[in-house]
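**Student:** So the sequences go chain by chain: D and H. So the mapping is simple: this note's numbering equals the position in the first sequence, first residue as 1, plus 1. So the mapping is simple: this note's numbering equals the position in the second sequence, first residue as 1, plus 417.
Bear in mind the hints are in silico, worked out from the structure with no lab data behind them. Only a predicted model underlies this, so the values are computations on that prediction, with no experimental measurement involved. Keep in mind that the hints are not guaranteed to be accurate.
To be verified - Cβ pair distances, simulated, as ranges: (1) D/Ala-160 - H/Ser-446: 42 to 52 Å; (2) H/Arg-533 - D/Leu-107: 48 to 58 Å; (3) D/His-51 - H/Gly-492: 17 to 27 Å; (4) H/Thr-536 - D/Leu-41: 24 to 34 Å; (5) D/Gln-162 - H/Gly-444: 29 to 39 Å; (6) H/Glu-454 - D/Glu-22: 17 to 27 Å.
Said to hold, decoys possible - Here are the computed lysine to any residue pairs in the SDA-like style, where the Cα-Cα straight-line distance is at most 20 Å: (7) D/Lys-50 - D/His-61; (8) H/Lys-520 - D/Thr-58; (9) H/Lys-520 - D/Lys-42; (10) H/Lys-520 - D/Lys-50; (11) D/Lys-42 - H/Val-535; (12) H/Lys-488 - H/Asp-524; (13) D/Lys-42 - D/Ile-26.
Said to hold, decoys possible - Cβ-to-Cβ under 8 Å is the rule here; a few derived chain D residues that face chain H: (14) Ile-5; (15) Ala-6; (16) Leu-103; (17) Gln-210.
For each residue, glycine too, the CB sits at the ideal point set by N, CA and C.
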Amino acid sequence: MPEIAPEARFMGTVTALTMHEMQNILAIIRESAGLMGDILKVNARVEFKHRPNMERTLEHIATHVDRGKGLLEATSRLAHSPDDDLLDGCDLAVYARTVAQLSERLVRLRGAAVDFTPASSALPVAVGALRILMAGYRAVQWAVGAGVKEGVVRMSVEAGQEYHALSLLPPQGAQQDREGLTVLASLLEEGRVEWDGARLRLFFPVRKQE
Amino acid sequence: MDQTHILLIDDEEAFVTTLQERLEMRGFSPRVALNGEAGLEMIAQDPPDVVVLDLRMPGMSGIEVLRRIRKGWPGLPVIMLSGHGSDQDFESCVNLGAALYHKKPLDIDVLLESIRTVTQSSLPHR
Chain D
2 MPEIAPEARF MGTVTALTMH EMQNILAIIR ESAGLMGDIL KVNARVEFKH RPNMERTLEH
62 IATHVDRGKG LLEATSRLAH SPDDDLLDGC DLAVYARTVA QLSERLVRLR GAAVDFTPAS
122 SALPVAVGAL RILMAGYRAV QWAVGAGVKE GVVRMSVEAG QEYHALSLLP PQGAQQDREG
182 LTVLASLLEE GRVEWDGARL RLFFPVRKQE
Chain H
418 MDQTHILLID DEEAFVTTLQ ERLEMRGFSP RVALNGEAGL EMIAQDPPDV VVLDLRMPGM
478 SGIEVLRRIR KGWPGLPVIM LSGHGSDQDF ESCVNLGAAL YHKKPLDIDV LLESIRTVTQ
538 SSLPHR
């Protein structure tokens with residue numbers, strides 16, 4: 002089993018607990034806004050000046066609670082990634098999606114967006130969750146490289162016999178450095194990285210059934 | 418008035434009482450317990466048709482409450498609610514026979530659909 006620094010475990014434990022609390026806070030906000038919406042609906046015939054503003058505000062709350070829920074889900078997965086049961090292997094389909102969720106902000110700061118195509122089934126790999134998140138996030142950083150002002154990072158997963166892959170298509174105009182590939186390769190350990198000039202693929206060995 | 422008897426067990430009072438109020442506006446009369454021990458007592462006194470149970474609570478955990486429900490009231494469907502627990506939490510709930518597992522925050526229409534689904538397919542236990 003790979004060694005995990007106690008600092009990483011500590012951060013994971015505290016973050017996971019805090020994320021759980023944040024979920025409760027979001028749930029309270031959603032239910033409270035939902036109750037206000039219910040009250041407006043049962044009083045639909047009662048007109049008052051600010052009804053449209055209130056309805057719009059409740060829609061905003063619902064939208065952003067959902068947005069927060071996605072971010073918390075991803076952060077919670079990051080926090081749990083040093084857990085013992087996720088050190089030797091995990092489902093690439095799940096953690097590729099988590100990489101996409103966690104890197105949205107990073108990509109948006111470059112004026113671009115993430116477009117993730119989810120897998121249709123589980124893709125078990127013999128690589129720990131934390132390792133996939135580190136390598137995947139670093140791959141996104143590399144993919145948006147220099148020179149990007151807009152565009153889309155397209156992410157998907159590819160199933161294989163010996164390796165499953167996380168695939169990234171950088172936005173047009175992005176300039177990637179070769180050194181970054183070496184860093185990425187060092188993060189992959191048993192896996193490998195391939196760059197064909199247009200598409201980056203991170204390969205992770207398939208976890209065989211015992 | 419919907420006759421389905423719902424028991425909500427959750428330590429987040431602001432969440433669970435607001436959810437109770439929203440269910441009441443939809444014709445239900447849900448009961449609320451703010452911890453696992455109180456929830457089990459309410460089940461013993463008057464078993465509901467469905468339990469909506471938080472996974473993480475101070476004192477007796479949702480997993481332990483679920484285990485005791487399975488032992489004492491095997492046919493009683495339990496819908497688990499959780500902030501994002503680990504995959505182990507999810508597996509534990511499934512292995513212990515939770516009817517459904519949802520993550521918070523949850524759309525009330527999804528919860529209502531879940532309640533309808535599990536109560537229609539559950540064994541009589543009242």
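**Student:** Could you work out which of the previously given hints the structure breaks and list their numbers from low to high?
**Tutor:** Numbers 2, 3, 5, 8, 9, 10, 11, 12, 13, 14, 15, 16, 17, in rising order.
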